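These are the residues of each chain, in order.
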Amino acid sequence: MNFTPIDWIILITYLSVTIYVGIWVKRYVQNLSGYMVAGRKIKVSLGVATFTATELGTVTFVYFGELGYVTGFSCFIIGILAMIAYTTVGKTGFIIEKLRQYGMMTIPEFYELRFNKKVRVTGGLILFVGGVLNMGIFLKFDGIFLSEVMGFGPQALGFIMTLMLIVVMSYTILGGMFSVVITDFMQYVVLSFAMLATTVIVLLEVDLSLISESVMSGFGSGGFNPIENPRFGWSFIVWILVTNVAAAALWQPGTSKALSSESPEVAKKVFWITGLTFAGRAMIPMFWGVAAFAYFGAGENSASAMPMLLGELVPVGLLGLLVAGLLAASMSTYSSYVLAWSSVITLDVISILKPGGFTEQTKMLISRFISGLIGLFLLVFGLWYQIPETAFQYIFITGTMYTAGALGTVTAGLYWKKANDVGAQAALILGAVTPAAFLLLEKFSASLPAWLAFATDVNIAGFLSFILAALGMVAGSLATQKKYPAKIINEAEISYE
Amino acid sequence: MNEATMIWMILFGVFATIFFVIAGIVSVKGIAEIKELFNDPDLQNND
Numbered sequence: 001m002n003f004t005p006i007d008w009i010i011l012i013t014y015l016s017v018t019i020y021v022g023i024w025v026k027r028y029v030q031n032l033s034g035y036m037v038a039g040r041k042i043k044v045s046l047g048v049a050t051f052t053a054t055e056l057g058t059v060t061f062v063y064f065g066e067l068g069y070v071t072g073f074s075c076f077i078i079g080i081l082a083m084i085a086y087t088t089v090g091k092t093g094f095i096i097e098k099l100r101q102y103g104m105m106t107i108p109e110f111y112e113l114r115f116n117k118k119v120r121v122t123g124g125l126i127l128f129v130g131g132v133l134n135m136g137i138f139l140k141f142d143g144i145f146l147s148e149v150m151g152f153g154p155q156a157l158g159f160i161m162t163l164m165l166i167v168v169m170s171y172t173i174l175g176g177m178f179s180v181v182i183t184d185f186m187q188y189v190v191l192s193f194a195m196l197a198t199t200v201i202v203l204l205e206v207d208l209s210l211i212s213e214s215v216m217s218g219f220g221s222g223g224f225n226p227i228e229n230p231r232f233g234w235s236f237i238v239w240i241l242v243t244n245v246a247a248a249a250l251w252q253p254g255t256s257k258a259l260s261s262e263s264p265e266v267a268k269k270v271f272w273i274t275g276l277t278f279a280g281r282a283m284i285p286m287f288w289g290v291a292a293f294a295y296f297g298a299g300e301n302s303a304s305a306m307p308m309l310l311g312e313l314v315p316v317g318l319l320g321l322l323v324a325g326l327l328a329a330s331m332s333t334y335s336s337y338v339l340a341w342s343s344v345i346t347l348d349v350i351s352i353l354k355p356g357g358f359t360e361q362t363k364m365l366i367s368r369f370i371s372g373l374i375g376l377f378l379l380v381f382g383l384w385y386q387i388p389e390t391a392f393q394y395i396f397i398t399g400t401m402y403t404a405g406a407l408g409t410v411t412a413g414l415y416w417k418k419a420n421d422v423g424a425q426a427a428l429i430l431g432a433v434t435p436a437a438f439l440l441l442e443k444f445s446a447s448l449p450a451w452l453a454f455a456t457d458v459n460i461a462g463f464l465s466f467i468l469a470a471l472g473m474v475a476g477s478l479a480t481q482k483k484y485p486a487k488i489i490n491e492a493e494i495s496y497e
Numbered sequence: 498m499n500e501a502t503m504i505w506m507i508l509f510g511v512f513a514t515i516f517f518v519i520a521g522i523v524s525v526k527g528i529a530e531i532k533e534l535f536n537d538p539d540l541q542n543n544d
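Those protein sequences? They're chains A and B, same order as listed.
Straight run, no breaks: the first sequence in our numbering ends on number 497.
Straight run, no breaks: the second sequence in our numbering ends on number 544.
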């Protein structure tokens with residue numbers, strides 16, 4: 001075991017403080033907007049901290065580290081593409097500015113405003129399913145990472161997973177977005193420091209010349225050039241860029257930070273400043289993964305190699321802080337994601353389907369209950385499901401299940417007057433079809449006919465989903481324009497600052 | 498160390514520095530914003 005008593009003291013102290021603060025903040029939650037969007041009071045620095053912390057979980061380190069281990073430096077392009085996408089959305093206010101201006105709490109809420117309730121329910125269901133599947137592997141990979149870094153081995157996986165879940169659920173369920181924002185901030189500070197210290201240690205302990213030679217001998221030019229790398233290529237790069245733009249504007253856990261901002265201007269600023277960190281966010285753990293390849297060679301489990309490196313190199317005391325930081329990273333991600341998905345299913349599906357709706361207090365209760373169910377799902381799914389490809393590609397394809405349709409629907413809804421509810425339904429459903437088909441068909445890839453093989457290529461499936469969603473929106477709207485004329489939003493009636 | 502490694506490591510250095518500098522600034526300013534948030538008189542009446 002790599003963990004010493006000092007490391008345990010640091011870790012337990014940190015976790016205890018987090019739980020205490022997370023639950024203490026509950027006193028500020030008096031109503032639904034307080035629970036879902038922190039009363040829309042979040043300013044720039046808190047917004048950046050909570051956004052970054054949300055999008056930087058232990059699973060982020062695992063899948064980026066894995067990519068570094070299996071592709072060398074080529075994967076660094078992903079960080080650059082993410083940075084371009086998020087800063088562009090932030091600077092232009094593409095989608096996020098309008099949604100914040102309209103006072104939306106969820107993306108599907110916009111679907112009802114612009115189209116109708118049926119589109120909201122369809123969108124809400126797809127978002128919920130895609131979102132929960134997306135986070136289905138987080139707990140498992142967090143468990144793998146932590147058990148390797150701490151030196152427990154795979155036997156401790158189930159126990160570590162359960163403990164983490166209990167800690168996060170306790171303050172997320174009670175405190176909602178206030179707890180999420182404040183604990184995210186704490187986690188951001190601890191994690192940033194731990195990342196800095198770890199990066200310095202890896203740079204000092206693993207020789208750059210060894211890294212360079214290992215990547216060249218292990219991957220050839222594909223280890224440096226993403227176009228030549230067999231896992232990437234142009235289709236991957238285009239898909240990742242488009243997905244990142246869609247995710248930046250529409251991924252509920254991130255977008256909810258914009259919707260919680262004090263104003264549309266603050267929302268934009270939060271996005272572009274956070275966007276600037278997205279290249280480093282990816283490259284830092286990727287570099288650790290490349291270093292792991294140089295250190296251990298090619299024979300290790302791709303998801304475990306980087307955590308094993310950290311377990312070996314990081315000294316006593318700092319290891320405890322690193323694990324505290326990574327647990328912090330996980331907890332901030334889980335809390336935001338669970339809150340996002342439970343908010344969506346509560347507000348955009350259950351409340352809509354019930355005639356007369358529910359009171360605010362009942363909605364909060366339902367959201368808390370759903371949060372608990374999602375937690376149970378994470379435990380069971382994480383221990384059982386075998387992911388195809390790398391963790392990174394699983395996460396992106398499940399995210400695409402929602403973002404492809406949402407991008408077409410929201411973009412057209414905001415910027416194209418002819419977009420109608422038929423086009424919206426078509427975009428949402430078609431956007432979900434190819435990722436869903438990929439997840440199902442790849443299990444039977446050996447027995448599929450040749451003409452269907454493209455559906456089990458994750459890059460093609462991802463890319464195709466955006467195209468089909470866009471076609472669905474345009475063709476569906478134009479073909480039914482007379483029977484289902486487009487609805488116009490009266491901004492004077494609904495603007496909310 | 499080959500040229501490609503050098504290029505990627507320079508980019509890594511630049512973007513990692515940006516990440517940590519922003520982290521430092523946000524950490525300091527965030528504390529003041531949290532204090533302001535907890536003292537906000539409207540906090541319990543928002544809708």
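Because the hints were derived from the structure by calculation, they are not lab data.
Remember, predicted model here, so these are calculated numbers, not experimental data.
Don't take every hint at face value.
Said to hold, decoys possible - Covered by chain A, per the in silico footprint, the following chain B stretches (three or more residues, Cβ under 8 angstroms):
#, segment
1, 504-516
2, 521-527
As the list claims (entries may be wrong) - Below, computed lysine-lysine pairings styled on DSS-like, alpha-carbon distance capped at 27 angstroms:
#, chain 1, residue 1, chain 2, residue 2
3, B, 526, A, 269
4, A, 443, A, 118
5, A, 483, A, 417
6, A, 117, A, 443
7, A, 269, B, 532
8, B, 532, A, 43
9, B, 532, A, 118
10, B, 526, A, 443
11, A, 269, A, 91
12, A, 117, A, 417
Think of the CB as a built atom: it goes at the ideal place given N, C-alpha and C, for glycine as much as any other residue.
- Agreement of residue 117(A) and residue 417(A) with the hint, judged by alpha carbon distance not exceeding 27 angstroms: Holds: residue 117(A) and residue 417(A) sit about 19 angstroms apart, inside 27 angstroms.
- Pair hint residue 483(A) and residue 417(A), alpha-carbon separation not exceeding 27 angstroms: 15 angstroms, holds
- Item | 27 angstroms limit on alpha-carbon distance, applied to hinted pair residue 269(A) and residue 532(B) | Since the Cα atoms of residue 269(A) and residue 532(B) sit roughly 21 angstroms apart, the hinted pair holds (cutoff 27 angstroms).
- Per the coverage rule (Cβ-Cβ under 8 angstroms, at least three residues), is the segment 521-527 of chain B covered by chain A? Coverage by chain A holds for the segment 521-527 of chain B (6 residues, Cβ < 8 angstroms).
- Are residue 117(A) and residue 443(A) close enough, with their CA atoms no more than 27 angstroms apart? Status violated; Cα separation ~35 angstroms.
- Query: When you check the alpha-carbon spacing of residue 269(A) and residue 91(A), does it fall within 27 angstroms?
  - Reply: This hinted pair holds, its Cα atoms lying about 7 angstroms apart.
- Compare the distance between the alpha carbons of residue 532(B) and residue 118(A) with 27 angstroms, and conclude whether the hinted pair is satisfied. This hinted pair is violated, its Cα atoms lying about 42 angstroms apart.
- Query: Do three or more residues from the segment 504-516 of chain B put their C-beta atoms closer than 8 angstroms to C-beta atoms of chain A?
  - Reply: That given contact holds, which follows from 9 residues of the segment 504-516 of chain B lying within Cβ reach (below 8 angstroms) of chain A.
- Sort out whether residue 43(A) lies within 27 angstroms of residue 532(B), counting only the CA atoms. 12 angstroms, holds
- Message: Against the 27 angstroms threshold, does the CA-CA distance of residue 526(B) and residue 269(A) hold or violate the hint?
- Response: Holds: residue 526(B) and residue 269(A) sit about 15 angstroms apart, inside 27 angstroms.
- Query: residue 443(A) and residue 118(A): Cα distance at most 27 angstroms?
  - Reply: 32 angstroms, violated
- Task: Given the hint that residue 526(B) pairs with residue 443(A), test it: the Cα-Cα distance must not exceed 27 angstroms.
- Result: 49 angstroms, violated
Of the numbered hints stated above, those contradicted by the structure are hints 4, 6, 9 and 10, listed in ascending order.
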